[in-house]
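Asks: Given next are the chains, with one letter for each unit.
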Amino acid sequence: MIETRGLRKVYGSTVAVDDLSFSVADGRVTGFLGPNGAGKSTTMRMILGLDRCDAGGVRIDGRRYEDFKQPLLDVGSLLDAAYVHPTRKAADHLWAMAAANGIPKSRVGTVLDLVGLREVANKRVGAFSLGMKQRLGLAGALLGDPKHLIFDEPANGLDPEGVHWMRRFLKGLAAEGRAIFVSSHLLSEMSLMAEDLVVIGRGRMIFSGTVDDFVNSSTHGWVTVRTPQLDELAAALAAAGAQLSRPDPASLQVVGLTSDQIGELAFTNRILLHELSPQRASLEDAFLQVTQGAQEYRAGEASQ
Amino acid sequence: MNAIRAEWIKLRSVRSTLILLAAGGVMTVLFAVLIANDISDEGRTFHLTDISAGATIAVYLFGTLGVQIIGQEYRFNTIRPTFSANPNRLQVLAAKIVVVSVTVAIVAVAMQLVATLIGTAMLDPFTVDGVDQRAILGTALFAIGWAMIGVGIGAILRQPVAGIVILLVEGAVVEGIVGSLFSWTTKWLPFANGSQMMVRNDSSNEDFVLRSPLGGGIYFFVVAAVILALGAYLANRRDA
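Chains D and P are the protein sequences, given in the same order. The first sequence begins at 1 in this note's numbering and counts up by one. The second sequence begins at 1 in this note's numbering and counts up by one.
Errors might be hidden in some of the hints.
What follows is a set of in silico ranges between Cβ atoms, one per label pair, in the way DEER data are often shown [what the hints assert, rightly or not]:
1. P:236 x D:23: 27 to 35 Å
2. P:12 x D:23: 37 to 45 Å
3. P:236 x D:213: 49 to 57 Å
4. D:122 x P:239: 20 to 28 Å
5. D:26 x P:113: 55 to 63 Å
6. P:114 x D:127: 30 to 38 Å
7. P:236 x D:5: 55 to 63 Å
8. P:177 x D:62: 56 to 64 Å
9. P:113 x D:122: 29 to 37 Å
10. P:184 x D:73: 25 to 33 Å
11. P:236 x D:73: 19 to 27 Å
Simulated from the structure, these hints should not be mistaken for laboratory data. The model shown is predicted, which means the values in this text are computed figures rather than measured ones. Just so you know, even glycine gets a beta-carbon here, dropped at the ideal spot from N, CA and C.
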């Protein structure tokens with residue numbers, strides 16, 4: 001369990017992160033969403049004790065990161081796959097990290113196998129593709145077989161196959177009971193991978209909860225109906241308490257009734273339906289809607 | 001011990017650090033050969049200190065190594081995985097200093113021993129007296145101190161290139177100019193005074209009033225400690 005309380009970070013006159021409190025539960029993938037510059041990476045660096053908090057704090061199973069003597073045994077992280085020395089060999093890179101936490105050298109081969117980099121263990125990292133560096137970074141995060149894993153945009157720069165691999169890999173890690181905290185701007189990815197969501201905009205909390213709750217609370221589902229007896233149906237629906245809008249002369253958008261209810265209502269009123277389709281906002285729509293709100297709010301605030 | 005092991009693995013798994021160490025050693029040995037060849041017909045008793053001028057240049061490379069060992073971590077952002085693996089930043093810095101100090105000290109002593117062999121082979125009569133022995137120890141200490149200053153500057157600047165330039169220009173250019181212009185400053189020049197540890201007490205430059213090998217060495221290490229303390233304070237306080 002990773003918990004942050006009132007996290008705040010100020011760079012000069014810019015408030016990068018403001019009063020962020022959330023928790024990352026064990027055995028689940030928690031997605032960390034926000035547009036570029038929202039403060040995701042800063043938050044992750046504060047969790048890892050790399051950036052000093054200006055207010056608030058972080059507890060990992062009740063302890064501060066700075067208090068861990070061998071942190072890699074409890075917390076694995078991949079902030080940026082480019083954080084490697086180009087002329088160092090992959091195995092040496094991992095070996096140095098392992099040695100710092102008293103992890104046996106044999107573990108280096110194990111994690112290289114896990115991410116499929118065994119054959120290039122003795123190649124210099126500078127020659128690696130971005131996808132290979134991502135895998136190397138993952139291997140580093142897994143060195144200590146930690147209960148908590150923190151990944152900043154792990155799918156960044158991967159080809160579709162690599163993204164698919166990464167998604168399965170992270171879900172597998174969560175299924176083993178680990179707490180996974182992963183940021184991404186690939187919103188569609190997040191909906192396939194994450195169960196919980198922390199959404200921030202301009203350093204402020206927008207939403208914290210499950211993915212389903214996020215979509216439900218941020219957007220309304222609606223039902224599109226087409227019928228030759230449009231006015232009759234509209235009257236019946238309005239009588240049943242639905243909110244209606246008419247995007248074009250031949251169809252209705254209905255909010256407040258399920259497609260089942262609308263179908264029954266049409267049947268009892270002997271109204272012919274040509275279309276009856278429930279519509280659901282995608283995670284992407286929900287995300288754009290709430291972050292847009294945050295930006296407008298910020299712009300309004302700045303102009304006062 | 002884990003921190004020291006990690007830094008040792010990092011030091012020897014990068015080519016540039018090994019090249020710097022080798023270059024320092026080779027340069028001292030090469031200079032010993034050239035100088036010995038030059039002075040062999042002077043018809044006097046020769047000492048190790050007569051042919052060890054290359055060590056003065058080698059220590060620049062050791063100082064550069066000190067800058068590299070921390071500056072490169074910032075340049076390639078590996079400082080973040082490093083501090084993630086060990087959040088005790090002062091311990092990380094201390095481990096770096098131990099590793100770089102032991103390494104340059106071993107190379108410094110080794111290159112002086114090889115220079116002794118060269119002197120024995122090429123110069124006659126060649127003796128190693130107490131002053132020479134002190135100079136061998138002094139070379140190791142000067143190398144350690146210069147590497148410590150390098151680590152300090154690297155930690156302050158958080159990048160290698162500017163740190164290396166500052167180190168080289170300070171020792172090779174600034175001290176010479178400042179010392180010549182203002183003779184009262186000569187006792188306060190860290191590189192010139194520290195280098196007294198590795199030379200026979202000569203007075204080849206009458207303008208420069210320098211400290212004794214012991215006094216110069218102590219003063220030099222005080223300067224190194226101050227720079228290192230500033231670097232450690234900043235590395236610990238700043239965002240990585």
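Asks: Give a verdict on every hint.
Replies: The hints, checked one at a time:
Separated by about 29 Å at the C-beta atoms, residue 236 (chain P) and residue 23 (chain D) satisfy the suggested range of 27 to 35 Å. Between residue 12 (chain P) and residue 23 (chain D) the Cβ separation comes to about 42 Å, which falls inside the hinted range of 37 to 45 Å. With their beta carbons about 41 Å apart, residue 236 (chain P) and residue 213 (chain D) fall outside the hinted range of 49 to 57 Å. For the pair residue 122 (chain D) and residue 239 (chain P), the beta carbons lie near 34 Å from each other, so the given range of 20 to 28 Å is not met.
A hinted range of 55 to 63 Å for the beta carbons of residue 26 (chain D) and residue 113 (chain P) is consistent with their spacing of about 59 Å. The given range of 30 to 38 Å is respected by residue 114 (chain P) and residue 127 (chain D), whose C-beta atoms sit roughly 36 Å from each other. A hinted range of 55 to 63 Å is violated for the C-beta pair residue 236 (chain P) and residue 5 (chain D), which are about 23 Å apart. Separation of residue 177 (chain P) from residue 62 (chain D) is about 58 Å and conforms to the stated range, judged on CB atoms against 56 to 64 Å.
The hinted window of 29 to 37 Å between residue 113 (chain P) and residue 122 (chain D) holds, with their beta carbons roughly 34 Å apart. The given range of 25 to 33 Å is broken by residue 184 (chain P) and residue 73 (chain D), whose C-beta atoms sit roughly 57 Å from each other. Distance hint for residue 236 (chain P) and residue 73 (chain D): a CB-CB separation of about 23 Å, consistent with the stated range 19 to 27 Å.
Violation of the numbered hints given earlier is confined to hints 3, 4, 7, 10; the remaining hints are satisfied by the structure.
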